[in-house]
Amino acid sequence: MSPMETAGVEPADFLAERDFGGRDREALLSELSRVLPRGALLVSPEDARPYECDGLTAYRQLPLAVALPDSEDQVRAILRICASLDVPVVARGAGTSLSGGAMPHKDGVVLSLARLRSILALDPLARTARVQPGVRNLAISEAAAAHGLYYAPDPSSQIACTIGGNVAENSGGVHCLKYGLTVHNVLRVRAITIEGEALEIGSEAPDAPGYDLAALINGSEGMLAVITEITVRLTPKPLTAKVVLAAFDDVVHAGDAVAAVIAAGIIPAGMEMMDQPATRAVEPFVHAGYPLDAKALLLAESDGTPEEVEEEIGRIREVMAANGATGIRVSRDEAERLRFWSGRKAAFPAVGRISPDYYCMDGTIPRKRLAEMLTAIATLEGKYGLRCCNVFHAGDGNLHPLILYDANAAGELERAEEFGGEILELSVEYGGTITGEHGVGIEKIGQMCSQFSRQELAMFHRVKAAFDPRGLLNPGKAIPTLNRCVEFGRLHVHKGGVPHPELPRF
Amino acid sequence: MIERFRETIRAAASQKRALRIRGGGTKDFYGGPLRGEILDTRDHAGVVSYEPTELVVTARCGTRLDELERMLAERGQRLAFEPPHFGETATLGGCVAAGLSGPRRMAAGALRDFVLGAKIIDGRGDSLSFGGQVMKNVAGYDVARLMAGSLGTLGVIVEVSLKVLPMPASEATLRFEMTQEDAIGTMNRWAGRPLPISATCWHAGQLMVRLSGAAAGVAAAQRDLGGETVEEGARFWCELREQRHRFFEGPAPLWRLALPPATAPVPLAGEPLIEWGGGERWLRSEAPAEVLREAARAAGGHACLFRAPFETAEPFQPLAQALARIHRSLKAAFDPNGVFNRGRMYPEW
Ligand SMILES: Cc1cc2nc3c(=O)[nH]c(=O)nc-3n(C[C@H](O)[C@H](O)[C@H](O)COP(=O)(O)OP(=O)(O)OC[C@H]3O[C@@H](n4cnc5c(N)ncnc54)[C@H](O)[C@@H]3O)c2cc1C
Numbered sequence: 001m002s003p004m005e006t007a008g009v010e011p012a013d014f015l016a017e018r019d020f021g022g023r024d025r026e027a028l029l030s031e032l033s034r035v036l037p038r039g040a041l042l043v044s045p046e047d048a049r050p051y052e053c054d055g056l057t058a059y060r061q062l063p064l065a066v067a068l069p070d071s072e073d074q075v076r077a078i079l080r081i082c083a084s085l086d087v088p089v090v091a092r093g094a095g096t097s098l099s100g101g102a103m104p105h106k107d108g109v110v111l112s113l114a115r116l117r118s119i120l121a122l123d124p125l126a127r128t129a130r131v132q133p134g135v136r137n138l139a140i141s142e143a144a145a146a147h148g149l150y151y152a153p154d155p156s157s158q159i160a161c162t163i164g165g166n167v168a169e170n171s172g173g174v175h176c177l178k179y180g181l182t183v184h185n186v187l188r189v190r191a192i193t194i195e196g197e198a199l200e201i202g203s204e205a206p207d208a209p210g211y212d213l214a215a216l217i218n219g220s221e222g223m224l225a226v227i228t229e230i231t232v233r234l235t236p237k238p239l240t241a242k243v244v245l246a247a248f249d250d251v252v253h254a255g256d257a258v259a260a261v262i263a264a265g266i267i268p269a270g271m272e273m274m275d276q277p278a279t280r281a282v283e284p285f286v287h288a289g290y291p292l293d294a295k296a297l298l299l300a301e302s303d304g305t306p307e308e309v310e311e312e313i314g315r316i317r318e319v320m321a322a323n324g325a326t327g328i329r330v331s332r333d334e335a336e337r338l339r340f341w342s343g344r345k346a347a348f349p350a351v352g353r354i355s356p357d358y359y360c361m362d363g364t365i366p367r368k369r370l371a372e373m374l375t376a377i378a379t380l381e382g383k384y385g386l387r388c389c390n391v392f393h394a395g396d397g398n399l400h401p402l403i404l405y406d407a408n409a410a411g412e413l414e415r416a417e418e419f420g421g422e423i424l425e426l427s428v429e430y431g432g433t434i435t436g437e438h439g440v441g442i443e444k445i446g447q448m449c450s451q452f453s454r455q456e457l458a459m460f461h462r463v464k465a466a467f468d469p470r471g472l473l474n475p476g477k478a479i480p481t482l483n484r485c486v487e488f489g490r491l492h493v494h495k496g497g498v499p500h501p502e503l504p505r506f
Numbered sequence: 001m002i003e004r005f006r007e008t009i010r011a012a013a014s015q016k017r018a019l020r021i022r023g024g025g026t027k028d029f030y031g032g033p034l035r036g037e038i039l040d041t042r043d044h045a046g047v048v049s050y051e052p053t054e055l056v057v058t059a060r061c062g063t064r065l066d067e068l069e070r071m072l073a074e075r076g077q078r079l080a081f082e083p084p085h086f087g088e089t090a091t092l093g094g095c096v097a098a099g100l101s102g103p104r105r106m107a108a109g110a111l112r113d114f115v116l117g118a119k120i121i122d123g124r125g126d127s128l129s130f131g132g133q134v135m136k137n138v139a140g141y142d143v144a145r146l147m148a149g150s151l152g153t154l155g156v157i158v159e160v161s162l163k164v165l166p167m168p169a170s171e172a173t174l175r176f177e178m179t180q181e182d183a184i185g186t187m188n189r190w191a192g193r194p195l196p197i198s199a200t201c202w203h204a205g206q207l208m209v210r211l212s213g214a215a216a217g218v219a220a221a222q223r224d225l226g227g228e229t230v231e232e233g234a235r236f237w238c239e240l241r242e243q244r245h246r247f248f249e250g251p252a253p254l255w256r257l258a259l260p261p262a263t264a265p266v267p268l269a270g271e272p273l274i275e276w277g278g279g280e281r282w283l284r285s286e287a288p289a290e291v292l293r294e295a296a297r298a299a300g301g302h303a304c305l306f307r308a309p310f311e312t313a314e315p316f317q318p319l320a321q322a323l324a325r326i327h328r329s330l331k332a333a334f335d336p337n338g339v340f341n342r343g344r345m346y347p348e349w
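From first to last, the protein sequence lines stand for chains B and P.
Using this note's numbering, the first residue of the first sequence is number 1, and each one after it goes up by one.
Using this note's numbering, the first residue of the second sequence is number 1, and each one after it goes up by one.
Watch out, some of these pointers could steer you wrong.
Said to hold, decoys possible - Lysine to any residue pairs mimicking SDA-like chemistry, simulated, CA-CA at most 20 angstroms apart:
1. B:K237 to P:G109
2. B:K178 to P:E67
3. B:K237 to P:E51
Claimed, not checked - Beta-carbon label-pair distances, calculated as ranges:
4. P:T89 to B:E372: 47 to 53 angstroms
5. B:G385 to P:E7: 48 to 54 angstroms
6. P:L34 to B:L125: 38 to 44 angstroms
7. B:I328 to P:R70: 33 to 39 angstroms
8. P:G270 to B:L125: 21 to 27 angstroms
9. P:Q206 to B:G327: 48 to 54 angstroms
10. B:T326 to P:D182: 32 to 38 angstroms
Unchecked claim - Negatives, chain P to chain B, calculated, CB over 12 angstroms:
11. D43
12. R124
13. H245
14. L268
Hint data in this document are derived by calculation from the structure and do not stem from the laboratory.
Glycine residues also receive a C-beta, built at the ideal position from the N, C-alpha and C atoms.
Using the sequences and the hints, build the whole thing.
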C-alpha cells in the first residue's frame, strides 16, 4: 500500500463507534479455551466481576470473557482469534487506571497480562531490565536494588500497577520532574498487533531507525497493540537524599516558591504541594508531622552525593524562606525523609477515609497559574457544594484535585463529574491539558473534544488505524468519535469554521 | 507565513508534486536524496514564548538554533540534549526534524525527550497542534514527539515547544589512557554509579570524560575518578559535537552505529570513535553496508551511513516487515499524497 492508494480514506470509526453486537459467542469461547490453559478463561459473571472496572469504579461493565494467558504465544493466539471473529479486546494490567482505560467492552474480551510476570533479564553493566508486562513497577526496583540501581518512575500505585500499564498510560510519579516519565525510561517495547504480528519498538541501543514509534506506544492506552515485553532503563541509586518540608500561610506564596526554586536553577528530585484540606486528611492517618495550621505545604527533595545535597538543600531553604515560608524543616535521616513523604504518598487512601468516595482529577497547567487554579477550585467548591482536597505534582504543574462525594447521595456523582469537567476545561484554558498522567480512557473522552480540533482528532484516528485498522483494540476509549463530540456539544472549532456540517444533529 | 505554507502544500498535493522542506540546509547531507521544490522555513522565525521558570521555550521553525541557545544562555538555561548545529544557519525546525542529539545524550536524554508540543502542517495543508507547553500531557497520542527525527517526511514543523534546563554550575573534563575494550567497560561501570558524568568519548587510546553539576559534586567526582584534567574541555566537546574533531576529516564514509552501550568492541574494518558511554560508535569505513548493518543488527542496534562523499548505500537500516508496514501507514496518514521529503528516510516513500 503506497501513500497514494490510501489518500482520502478515513478510518471507519472516525464518525461513530462501531457496534460489535451479535458476534458468535460460542465460537469465540471454544476457540479461546483451546489456546488457553485450564482455568485461564473466565466466563461467568461471578468470575468476571473483579474485572468489571478499574480504579475509576464509577464505570462498570462486564465483558464477554476474561482471558488470562501466561505466555506471549497465547496472547498472540487470543488476538488472532478475536481479529478473525471481529471481537474487541481490552488489555489489562493491574486495573489501577484512574480513567477507565481498562474497563471492559460489553461485546469484548478482557486480555489480562497479569500472569506474564517474569523479569526476563537484568543487566547491571548495561543498566537495563527486560521484563514481561505484568511485572509490578516496584518489583523492578526491588530486583535491581542489589546492584545499586532502580527504575525511576514511581507512581503512587507502584506496589500494584504493572509496567505494561505504566507504558500504556505513560505514567509519572513524584520523581519525574528530574527523572522523567515512563516514555523517558523505557528503551524498548515488544508488542503484538491485533493481527498477531510482533512489533519491536525502540531498542536497547540509544535509538532505532525510522519513526519514533516509542513516542506513540507510550501513552497508547491499549489502543495500538498489546505490550508483551519491555526493556527499561535502570538508574543508579543516589548516594543520599533529603527533603525540605516548607509550610506557607497562603497558597499563592507556595505557588510562587515553586517557580522561584526553578528560577534559581534548581531541579529538585521531586516537588509536591498539598493544600490544607489534604494535609488535614492525611495527618491523622499517617502522622507525618505536618503542621495543620499551614494553608499549603511544599515538599522538595534533593538527591545526589552528600556534597551536592548539602549545597542544594541550602539553596532550596533560602528560596523557600525568601518566598514567605512560615516554617521549614529538613529531614534529618532516612526515616524522617520517608515519613515526610508518607503523607503525600498516602494522600489518596487518606482522603478515601474521610469521604465515602472521591473523584481524582489530573489536569496539568503552567506552574505560574497554580495559585489562580486553586482560587478557581475554591469557588467551584461553593458552586457544586462539594469539598475538594488538592495534591499537586507542583514541580511539573500536574494537579490532582480530589473531589469528595458520596455515590449514595442522589446527584452527588453527577455534580462531582461536572465539577471535575470544569477543572479540566480550565486547565485547557490556562494553556495546559486535561490529563497529565492518568490517561483519557472513558472518563475524559468528552473533554478531548475541547482540547483538540476535528482535524487533530481525525489524525489520532488515523494513527490508531495505522496499527489497528479495524479498531478492535480498546474501542470507544481515549479518542472520541466526531459523533460523540457533537453529543458532548464541545467540539473545539479553529478559526470560526463550522464544525462538521455533514453530521446529523441530535 | 503559515497560510503561504498551506497554499504551497495544497497545490503540491493536488498535483502530487514533491516538496523538500528546508531550513538552513546544514543537514542536507543527512538521509536520502533531496527531491522536490524547496519549501523554505527560514522566514517563519522567532521565539513565541519563553518563561525560564516554566522551563519551556516555544519558537517557530525558522528560528536560528544559535540565536535560540544564546537567548537561553542569557537566562542561565540551555537545550540539555546539546544538539549538533553543523553550520551557523541551522534552524530549530531542522534540528527537531533531524532528531540528532549531542554528547550529553546519555546523561540528559535525547532531543525527543525534550519535545513537549508541536504545531505542524500535514500533507493536506491542515494546521494541527499536538502536545503543549506543559511537562506532562497524555491527552491523545504523542504526535509532537513523533515529529522528532521524522526528517520532514510527515509534515512541516511550524512551531515547537521544548523543555529547557538550567546550565550546570560547574564542568570539568578528564582524560585517561585506555584501550577500547577497557574504555567500554569503564564507561558502563561508571554510568552505573551516581556520578555526574555528562559526556564520554573514546578515540585512539584516550578516554575523555566530562563532569557537570553542582561544584561540590563535580569536585568530589574528579577526586574519585582521577585522570588528567583537560584545560580546554569545553572546546573539545563542541568540536566533537560539530564533527570538527580531526577524526571526522577526510573522505572515508562516516558510519554511525547505535548499539547497546555495553557491547564489546565490534571487529570491523575502519577507525572508530566512541561516544555516549559506548552507545554511539562512529566508524570511518569502506566496509560494505551489509557487513556493517549485519554487525550492528547482531549486537542489537543499527547502522546509519551518516555522511559519504557520494551515495554508496541507503542511509538507514531497513525496517522489519511489520514495522515497515506501520511506517507506510503513518506516512499515508500524515501525507497521503507523498508530498514531503520523498525518499529522504526510506526510498519507497
Ligand atoms: C492509588 C492510586 C495512585 C495512583 N498514582 C499514580 C501516579 O502517581 N502516577 C500515575 O501516573 N498514575 C497513578 N495511578 C494510575 C495508575 O496506577 C496508572 O495509570 C498505572 O500505570 C496503571 O497500571 P495498571 O497495570 O493498573 O494498568 P491497567 O489499569 O490495567 O490498564 C491501564 C491502561 O493500560 C492498558 N494496558 C494495560 N496493560 C497493557 C498491555 N500490556 N498492553 C497494552 N495495553 C495495556 C489498558 O488497556 C488500559 O487502557 C494511580 C492509581 C491509583 C489507584
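Going through the hints against the structure:
no.: 1; hint: B:K237 to P:G109; result: 18 angstroms, holds
no.: 2; hint: B:K178 to P:E67; result: 26 angstroms, violated
no.: 3; hint: B:K237 to P:E51; result: 32 angstroms, violated
no.: 4; hint: P:T89 to B:E372: 47 to 53 angstroms; result: 41 angstroms, violated
no.: 5; hint: B:G385 to P:E7: 48 to 54 angstroms; result: 53 angstroms, holds
no.: 6; hint: P:L34 to B:L125: 38 to 44 angstroms; result: 42 angstroms, holds
no.: 7; hint: B:I328 to P:R70: 33 to 39 angstroms; result: 37 angstroms, holds
no.: 8; hint: P:G270 to B:L125: 21 to 27 angstroms; result: 26 angstroms, holds
no.: 9; hint: P:Q206 to B:G327: 48 to 54 angstroms; result: 53 angstroms, holds
no.: 10; hint: B:T326 to P:D182: 32 to 38 angstroms; result: 55 angstroms, violated
no.: 11; hint: D43; result: 22 angstroms, holds
no.: 12; hint: R124; result: 8 angstroms, violated
no.: 13; hint: H245; result: 19 angstroms, holds
no.: 14; hint: L268; result: 16 angstroms, holds
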